[in-house]
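**Q** One line per chain: the protein sequences are A and B, in this order.
Residue numbering for the first sequence follows the working numbering, beginning at 358 and increasing consecutively.
Residue numbering for the second sequence follows the working numbering, beginning at 358 and increasing consecutively.
These aren't lab readings, by the way, just hints derived from the structure by calculation.
One or more hints might be untrue.
Unchecked claim - Quick list of simulated restraints, FRET-style, between CB atoms:
no. : chain 1 : residue 1 : chain 2 : residue 2 : range
1   : A       : K515      : B       : K424      : 26 to 36 Å
2   : B       : S489      : A       : K424      : 29 to 39 Å
3   : B       : V573      : A       : K515      : 40 to 50 Å
4   : B       : T486      : A       : K447      : 46 to 56 Å
5   : A       : P513      : B       : Q421      : 31 to 41 Å
6   : B       : E539      : A       : H475      : 41 to 51 Å
7   : A       : H475      : B       : D426      : 33 to 43 Å
8   : A       : T473      : B       : Y579      : 29 to 39 Å
9   : A       : K363      : B       : S489      : 53 to 63 Å
10  : B       : Y579      : A       : Q417      : 49 to 59 Å
11  : B       : Y579      : A       : E414      : 34 to 44 Å
12  : B       : H522      : A       : H474      : 28 to 38 Å
13  : B       : N364      : A       : K447      : 41 to 51 Å
Claimed, not checked - Simulated coverage check for chain A against chain B, where a stretch passes if three residues somewhere in it have a Cβ under 8 Å from a Cβ of chain B:
no. : region
14  : 428-442
15  : 456-463
Heads up, the beta-carbon is just placed ideally off N, CA and C, and yes, glycines get one too.
Residues per chain are reported as follows:
Protein chains: 2
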Amino acid sequence: MATNVKNNQAIVLHSGGQDSTTCLAWAIKEFKKVEVISFDYGQRHKIELKGVKKICESLQIPYQIIKIDILKELTKNALTDKKIQIKAGKKGQLPSTFVEGRNLIFLSTVAIIAKTHHIPHLVIGVCQTDYSGYPDCREDFIKSLQKTLRLAMDYPFKIHTPLMHLTKGETVKLMQKLGRLELLKYSHTCYEGKRLACKKCPACKLRLKGFNEAGVEDPIAYA
Amino acid sequence: MATNVKNNQAIVLHSGGQDSTTCLAWAIKEFKKVEVISFDYGQRHKIELKGVKKICESLQIPYQIIKIDILKELTKNALTDKKIQIKAGKKGQLPSTFVEGRNLIFLSTVAIIAKTHHIPHLVIGVCQTDYSGYPDCREDFIKSLQKTLRLAMDYPFKIHTPLMHLTKGETVKLMQKLGRLELLKYSHTCYEGKRLACKKCPACKLRLKGFNEAGVEDPIAYA
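Bound-form chain A, shown alone (with noise of 0.2 Å):
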């Protein structure tokens, strides 16, 4: 199999959101370097793209941002068609905010990556606990998902997710636990992409959710 792996290395997939910025923390401190990859998929919060550049560079973590318009193309949803309005999932139904196939992509774009970089470590913020009803945000599809890259390439890819178990309210406390918590101010939640955040949408909500579970204060700024 491979040779070369750099396995105190890992690379961040940044959304800008909170989850993200909790991983990027938790990777510096697991990995001895860290980078970061984002994607621009014509999300109508493309605001928490500029939160990864505040992060990034707060951190000193290189960054790239790589456009790829084929999520917005082919799929409907109300991420990348502001026609379309956002609404949480009811009744066995997914969310109108579900991209198909969004970590799929991502996920399997940032592995070439990751091997061309000789680099085995991928890190992403996904959730079940208390998670938004996006298939792809679950421990079988991560674990599957490893065993596809690993067969697709050859190589020992393993996909970390730090937060996969937690609750919101526990994913703050373990940012505050890493002492990054300030960081936080930069993270980018709001479906609807507004500063100050909309606080109505269902990614407001479940942010909120758990910085008050964790009874700590928020540091971004409310409508």
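Following the hints, complete the assembly by docking chain B onto the known chain A.
**A** Frame of chain A, contents of chain B only:
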């Protein structure tokens, strides 16, 4: 899980080559309705996409060609970079023509489209018998990917690989049995993108081996 599943329809991933053409003929017999998706990924033998057009038009099958730049941008290989020499893989090494993550990205993209069309069946001409040493042509990869796609999108995808366990000769015979041998005159195989086919690259050699084994004359012309 999924509603409105069109179980009698399939999407065939078509490279313009001999194997895809055989798979397309197989799918037409197997399913009520078939459509084709091909990729323009910066391959040096882009001439194969002309084959897709001719083959689909002659069969009156709808097709679309999707442009994907990311493989050429992210990976180094002899198919998307003419400066790299075409070489078969030796002793546990991958051939220089291996495009990292190609079938992974292709099948993931096709799956996203298939779900939006309510089509669960995907057909691809990969084969692990007489193969070029590409890990993403093996059955264990395809099986793992099928599971991953299902989990990623909560949809009952089925990946069909009718050539997986056939020798190149048996693939030629299958096409003969399907009564479509003449179609292969439009298919393109040569890595060099030459017409007349070069006869020397690993792809030409494999194709010729198959026709020889089957005792059938290849309808394309060689240099």
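**Q** Against each hint, give a clear statement of whether it holds in the structure.
**A** Here is what the structure says about each hint:
Remark: the range hint 26 to 36 Å for K515(A) to K424(B) is upheld by a beta-carbon distance near 32 Å. Separated by about 31 Å at the C-beta atoms, S489(B) and K424(A) satisfy the suggested range of 29 to 39 Å. For the pair V573(B) and K515(A), the beta carbons lie near 47 Å from each other, so the given range of 40 to 50 Å is met. Checked against the hint of 46 to 56 Å, the pair T486(B) and K447(A) passes, with Cβ atoms roughly 48 Å apart.
One distance hint, 31 to 41 Å for the beta-carbon pair P513(A) and Q421(B), holds here, with the actual separation near 36 Å. Distance hint for E539(B) and H475(A): a CB-CB separation of about 48 Å, consistent with the stated range 41 to 51 Å. H475(A) and D426(B) have their C-beta atoms about 23 Å apart, which leaves the hinted 33 to 43 Å range violated. A hinted range of 29 to 39 Å holds for the C-beta pair T473(A) and Y579(B), which are about 35 Å apart.
In this structure, K363(A) and S489(B) break the distance hint of 53 to 63 Å, their C-beta atoms being roughly 28 Å apart. Taken as a hint, the range 49 to 59 Å holds for the pair Y579(B) and Q417(A), whose Cβ atoms sit roughly 57 Å apart. The beta-carbon spacing between Y579(B) and E414(A), approximately 57 Å, falls outside the hinted interval of 34 to 44 Å. Distance hint for H522(B) and H474(A): a CB-CB separation of about 36 Å, consistent with the stated range 28 to 38 Å.
The beta-carbon spacing between N364(B) and K447(A), approximately 27 Å, falls outside the hinted interval of 41 to 51 Å. Counting residues of the region 428-442 of chain A whose beta-carbon sits less than 8 Å from any beta-carbon of chain B gives 4, enough to reach three: the coverage restraint holds. Beta-carbon proximity to chain B at under 8 Å applies to 5 residues in the region 456-463 of chain A; the threshold of 3 is reached and the given coverage holds.
This entry does not satisfy hints 7, 9, 11 and 13, going by the numbered hints stated previously.
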